[in-house]
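Per the working numbering, the sequence shown starts with residue 171, numbered consecutively.
Hints were generated in silico from the structure; no laboratory data involved.
A hint or two may mislead.
When the alpha-carbon atoms are kept at most 25 Å apart in a straight line, the in silico BS3-like pairs for lysine-lysine are as follows [said to hold, decoys possible]:
(1) 323 to 276
(2) 276 to 223
(3) 546 to 380
(4) 223 to 525
(5) 546 to 276
(6) 620 to 546
(7) 223 to 517
(8) 276 to 358
(9) 200 to 358
(10) 358 to 546
(11) 564 to 613
(12) 486 to 358
Just so we're clear, the structure is a prediction, and the values are computed from it rather than from any experiment.
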Amino acid sequence: MKSKKLAVVGVATAAALAVPAAASASSPEKSVTVTVMGTSDLHGNTLNWDYFKNAEFADGKGNHVGLAKVSTLVDRVRAERGAGRTLLFDSGDTIQGTPLAYYYAKIEPVSETGRLHPMARAMNAIGYDAVTLGNHEFNYGLPLLATWVRQMKAPVLGANAVHARSGLPAYQPFVIKTMKVRGEKPVKVGVLGLTNPGVAIWDKANVEGKLRFTDLVASARKWVPVIRGLGADVVVVTAHAGDNGLSSYGGDLPVENASALVAEQVPGIDAVLFGHAHNEVAQKFVTNRATGRQVLLSEPGKWGQRLSVLDFTLAKQRGRWVVTGKSSTLLNTNTVAEDPKIVELMKEQHDTTVKYVNTVVAQSREQLSAAESPYKDTPILDYIQKVQTETVAKALEGTADAALPVLSISAPFSRSAVFPAGPVSVRDMAGLYIYDNTLMAVKLTGSQLKDYLEYSARYFNQLAPGAPVDLAALTNAGGTPDYNYDQLAGVTYDVDVAKPVGQRIAGLSYQGRPVAADQQFVVAINNYRQSGGGGFPHVTTAPVVYNAQVEIRQALIDHATATGTIDPAAFAEANWRLTRDGTPLF
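Generate coordinates for the entire structure from the input sequences, incorporating the hints supplied.
Written out as structure tokens, the structure is:
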């Protein structure tokens, strides 16, 4: 078992901190404070850099990203608290998400070259104490994952990822860190790592027949007593699971977002550092049903934008360390500079990746622009629809849904996106699809499709008969952003902007025939929309038939690379149009 060098924890008298009544007033007990720092959902971000824009990261909210920023905050906390009083954990989704991570998984895979994975390089230098597996760790297959695990100096945990046949843990379930206290018995901090059961669906091709993923609550019930039995004074669960108790999938799989359930149902846990949902939770308390004690939860957002800092106060009671207080907060990485040591360490791999994203992946027969995409069916958006349709249709081959028509939904994310005539680079693809969405597919009926399109058509302001067509006033009704105007490919229809909201979709047809209310379709859709983003009807409760966690942006790049040519004659199809009282607007 890998472990950092043991360190001395600072000691304070009980006079400085609240002491439970069980402690003797005439004989002050000792107390110590232990700090746990945490990241999650780093997704391959080492530097504060946007590889798709070829510039420093900027998101409009002032956020910064990357482990180089995290490192500076970690050093600051270690200096303030004392290095011997601190531990650093991560809750998963580490080795996927940026072109940097992709390059060293697919272009020059570290599992073949033997080179150090960039995330291992940075995390080892920062000095992580334990890292938990996220679902995206399995995206590139078990051999690459095994290489990264071997390269990490910190133990990589995943108690509920078990061998398919034996049921034995496939990865280290937990680690106990021992922290010396001068003149006292040491403090032991146990950390249990739990990954997401959705891996069984999202990476079925990589794990089926090899790994199973057991319920987070059941796994914690099994391992927390073991950790306590080995003398842990503090028990922290690092879970790659959100806290809402819900799942994005059906079937018999365990709950996807079970972090709060673990805290509520499993005795003996002091805190849960969780991830997966990409939310910022500075401090949240859940009452454990069995003990009535408060369990601390914290989630540090994504990409290294935040660092969770959890403080535990322990007092000696009857010769044992007992947690008497706990709190947590989030630190923002945009408040500090990048650690120059990490920047220098990453330079070679970073520069290689920058060169890669500027690589030409295909030749476009003509210039394709997204400028008119909010009000016209444009070939450049049809390219997204084509790739999404083909990806889902291929995945459904041989399944019960293979005979259903496959449609596709996309939106005009960026009016400035352009494929130039001639060379198209990785960055050009990224300029078209600017979000980190993954591809899903759901089943909808014809009547549900009509509802969906009516909702989407709210994007247009009503246009009076005879009124001039003012493009500036036509779209974005009620402040609706471009990314919430969804266009549907695979069927034909009109959007009549002379009609009131809810009565605008006309002529909805599939292969020349009107779509029947009960007719079933498979619809390719992004995870943001399927999860409820934009409030579109039906999709959050529709049966999910495909969810392989394929990044749509990467799917576009892969398709362009494989074909070598972007020719609108092969995919452009004007299947929808704006009308006014049935007459085409353009």
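Hint check:
1. Distance restraint check for residue 323 and residue 276: the Cα-Cα separation of roughly 23 Å lies within the 25 Å cut-off, and the hinted pair is therefore satisfied.
2. Between residue 276 and residue 223 the CA atoms are separated by roughly 21 Å; this keeps the pair inside 25 Å, and the hint holds.
3. Restraint check for residue 546 and residue 380: the C-alpha separation of about 48 Å exceeds 25 Å, so the hint is violated.
4. The hinted pair formed by residue 223 and residue 525 meets the criterion: a straight-line CA distance of about 13 Å does not exceed 25 Å.
5. The straight-line distance between the Cα atoms of residue 546 and residue 276 is roughly 36 Å, outside the 25 Å bound, and the hint therefore fails.
6. Annotation: proposed proximity of residue 620 to residue 546 holds, straight-line Cα distance about 19 Å (limit 25 Å).
7. Under the criterion of a C-alpha separation no larger than 25 Å, the hint pairing residue 223 with residue 517 is consistent with the structure, at around 18 Å.
8. Between residue 276 and residue 358 the alpha-carbon distance is near 40 Å, which puts this suggested pair outside the 25 Å criterion.
9. Under the criterion of a C-alpha separation no larger than 25 Å, the hint pairing residue 200 with residue 358 is consistent with the structure, at around 16 Å.
10. Straight-line distance between C-alpha atoms of residue 358 and residue 546 comes to about 63 Å, which puts the hinted pair past the 25 Å bound.
11. Taking the CA atoms of residue 564 and residue 613, the gap is about 16 Å. The hint holds against a cut of 25 Å.
12. A C-alpha spacing of about 13 Å is found between residue 486 and residue 358, which places the hinted pair at or below 25 Å, so the restraint holds.
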